[in-house]
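With chain A fixed as given, assemble chains B and C onto it according to the hints.
Protein chains in written order, with the numbering used here: chain A, 14 to 136; chain B, 259 to 778; chain C, 29 to 480.
No false leads were mixed into what you were given.
A partial selection of chain C residues facing chain B, derived with a Cβ cut-off under 10 angstroms:
1. Ala-48
2. Leu-54
3. Arg-63
4. His-74
5. Ala-89
6. Ala-97
7. Gln-131
8. Thr-138
9. Ala-158
10. His-194
11. Phe-337
12. Glu-345
It should be emphasised that the hints constitute simulated quantities derived from the structure, not laboratory data.
All C-beta atoms in this analysis are idealised placements derived from N, C-alpha and C, irrespective of residue type, glycine included.
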Amino acid sequence: MPRYFTQDHEWIDVDGDVGTVGITDYAQGQLGDITFVELPEAGAALAKGDAPCVVDSVKAASDVYAPVSGTVTEANAALADEPELVNSDPEAGGWLFRLTLSDAGELSGLMDRAAYDAYIAEL
Amino acid sequence: MNAPNQSGWRPEMTSAMGSAEVYDAPTASGDRALMLEEPLIFELGRPGTCGVDIDEADMGASDALAPFLRKAAPALPGLSEPETVRHYTRLSRQNYAIDLGPFPLGSCTMKHNPRLNEKVARLPGFADVHPLAPQQAVRGALETIAQLADWLMALTGMAAVAMSPKAGAHGELCGVLCIKAALQARGDDRRIMLVPESAHGTNPATAAFAGFAIENIPATPEGRVDLAALTARLGPDIAGVMITNPNTCGLFERDMKAIADAVQAAGGYVYCDGANFNAIVGKVRPGDLGIDAMHINLHKTFSTPHGGGGPGSGPVVLSAALAPFAPLPFVTRDADGAARLIEEEHALEDHPSTFGRMAAFNGQMGMFTRALTYILSHGADGLRQVAEDAVLNANYVLASLKDVLDAPFAASGPCMHEALFSDAGLAEGFSTLDIAKGLIDEGFHPMTVYFPLVVHGAMLVEPTETESKAGLDRFIGSLRSLAERARAGDESLKSAPHYAPRRRLDETLAARKPVLGWRD
Amino acid sequence: MRYLPLTPAERGEMLGVIGAAMIDDLFADVPVEARLPGPVPGLPMHASEMAVERHMSALAAKNISAGSAPFFLGAGAYRHHIPASVDHLIQRGEFLTAYTPYQPEIAQGTLQVLFEFQSQVARLFGVEVANASMYDGSTACWEAVAMAARVTRRKKAVLCRGLHPHYVSTVRTMAKFTGDVIDWRAPKLEAEPDTAGVIAAIDGETSCVVVQYPDILGRIPDLAAIAEAAHAAGALLVAVVTEPVSLGLIEAPGNLGADIVVGEGQALGVGLQFGGPYLGLFGCREKYVRQMPGRLCGQTVDAEGKRGFVLTLSTREQHIRREKATSNICTNAGLCALAFSIHMTLLGGEGLARLARLNHARARAAAARLAEVPGVKLVNRAFFNEFALELPADAREAVRHMADRGVLGGVSLGRLYPEEAALGHGLLVTATECTTDEDIEALSAALEGVLA
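In isolation and in its complexed conformation, chain A is listed as follows (with noise of 0.2 angstroms):
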């Protein structure tokens, strides 16, 4: 199952039309602690770049972006009791929602494995 990363350092799995979205270990690592997450609800309609989520810690919150277009199938019911698999486990336990992708041609602007590596090692 292919994972594509954005710049603003989303994952995201395709597995036909399913995407599941998740932030990086370099981003849960910027972070800091993470206190909380604002997820979206299932049939939310989300255009790519849209803000659905937001992850708190104790003195910020972070915009999670979409990284393609599509809508909202369910989200990580997980993370309300444990906000902290999104800093233990962020890349599998700790995704934060799944859509159905209406525009799989979006997912050609993402990055591979090795190009994201590459970017964050810039950073």
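Chains B and C only, in chain A's frame:
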């Protein structure tokens, strides 16, 4: 000789003075001499206990209130008077305060709170007066508000003042709503406010409430608003600019008049955040620089107490262009000089373009009496000296520390009432936060940290004019020591503070699992 | 000058360290044309404590203080006896001159007080959580309407007729800028509040119903019935309490179905002060806490495991969330909250209940005596410590004439509702534990005198 020791006490210092070891054993009470722990009232009090003597009264038969009565008294703990005095006195000793030492907090202007202010505010003729008493019974209160208003207008060179906002942010809201109302009055639907990158977070929050979007104006390498970039952006969609002067880097905006002229020529308005007025009070009138509105923090420039977080007071001086839109109640003087508050009743004939009322009653009268007392004490000459000493003190701090702390704008000239340092030069892994927490152990409240955002690891130091030179030298000595320790990589800084009533507190836990009140 | 510690010699020394010849070198960035050559013209120079005190005392002497005359004013600001220790304790420098507790290690005094205050307010209101206070009751009322709009995603607020007119005015002013639609009509001089009318105004667009309890005329609305109707339509019930002492006797709004409870805390610990600074109280259901405005204090532990308190959930606030903040507020009424909390601690739950019973007894005595004045009718069926009278003449004039005779006889409805001719004969009268039998006699005599 007669009996050498009847009581049994044999004074002898050698054994007491001999031991210089650090003693750290726990005590049975958990207290340590004057370092006192204090439980919550819920752990100390009982609902049946009462520290006030109140006569019993009957409910009476067939009272119409019967269906609404609560079944039992509220579950609130009570303490006797001695227990209450002890509880709060013990708690007070866990607080740092201006009365104990400086708060070198940039843009907070934590100056001495004169006690004459407190005495005057408590005169029954001020403290025990109802806001809705008939006007004939409160002529002194109205005159007090008008005198303070007169002073604020004279000191700022502005045409009018809205006295009703309850705090600085409330005043900022007032100023921005006046701008919105003025635009609406001329049918102009401008939606954008320009704000410098270095602005405080209230600016976008306030602008958003009024229906404006924010665009940032970049700064020059000298830390000031880029006039060329600003002028280039002006147009028929720009409602105005929200600017702080002196700015959040502690620097005077040299181009302020040119900025104001350009914005107004393009049809916009100039809102000035007056948080830093202490640098220029009595030396410069912001009205001479062309602004349309400026909020004043009475709890900053004019010495009303911070009270652990409030109450504040934020009157807003206004240009002739914005004065008609000021909220109610609006202070005015009639032809015979008598002071009056215009309320809804007379708005139509006396103040028809008001944007409305921002809060009940008449404004923060308790802060007005304190501020007027302070202003009369200093007078025009004293207030001018306030600004000069505030600027002198900040520059003394800057000059004394710039060899050991990076001061990004020191090369481009003097600062105003606050000095800005960055974390450049600290050892790898050491941050502004470590210096701040180290200052606590040194017996000082930390300076403002991580603001403004335009400087990395910002440390913004505002000593104010009420710090003596000896006090400044002590503070400079401590900050120098901490800077040297941070540059040298002294690991003990990372677990500071060590000597405060509490060590570093787990703010992550407080946010993840909020416990916001007592649970039985 | 007594507040300026620097001596001329020290100023010279410091200029030397800085490398400036004179103070105006440090003001070099100010354009010459904007620099004042001397003190602002036309203003007096500095003055001694003695002179300032004389000036301010003369101003104070031109006001009639509540304690110096028979006094019956209420309408959202109440005169109660504040125990002497309250004012002493709030003047301790460690409370009076402390800053916002952003460095919690050296602010546990302030923070523990806020935690206790939040707990007291939540219990008093019958809600799960309360914040560390807001500017006052009227702005807290607006913030509740804004919060209900966020929670329900609707834009129409129904305000009961009996909501304080200054609160109505504040809500309407703010709503002009947010687009919230406000439904309100003036009250009538009737024995009961218009519960049926409020319920009839609720529909599927309603974000909240705002009900003052007791209302502006001192009547007690049926909160449970309104809560049921609001919830059935998906709206929130916002209860507004302007006299917190009433909750010593009548049921807490949270226990009757209110989702948000706001109020004015001035009655306990804070004093009249001609209208401010006052104390906004704000509480709500725990599930809405992240939509709540204002500061919040929470419990935690320090690095040694000791219990401590910190400001928390700050990401709701303006300095972090900026344009998406729940409010632009960045202060609370700290010292007023401390005064309220100390007063409440001295009272305790049973003391508050006793105080409430005494207030109600004084008001009953006043109402009974005033109803004997020819032509005067008591309007309310029920009241706590404030009630409305219908006079046989214009009440505003009556109030002025009574003031001329040295009696502060209440607040005329004409003062509060100058547009409503139908309310012109209405007078609000409040009695508290401070009201003596002599005061009541003086009011009846004055009223009888001005009506004759």
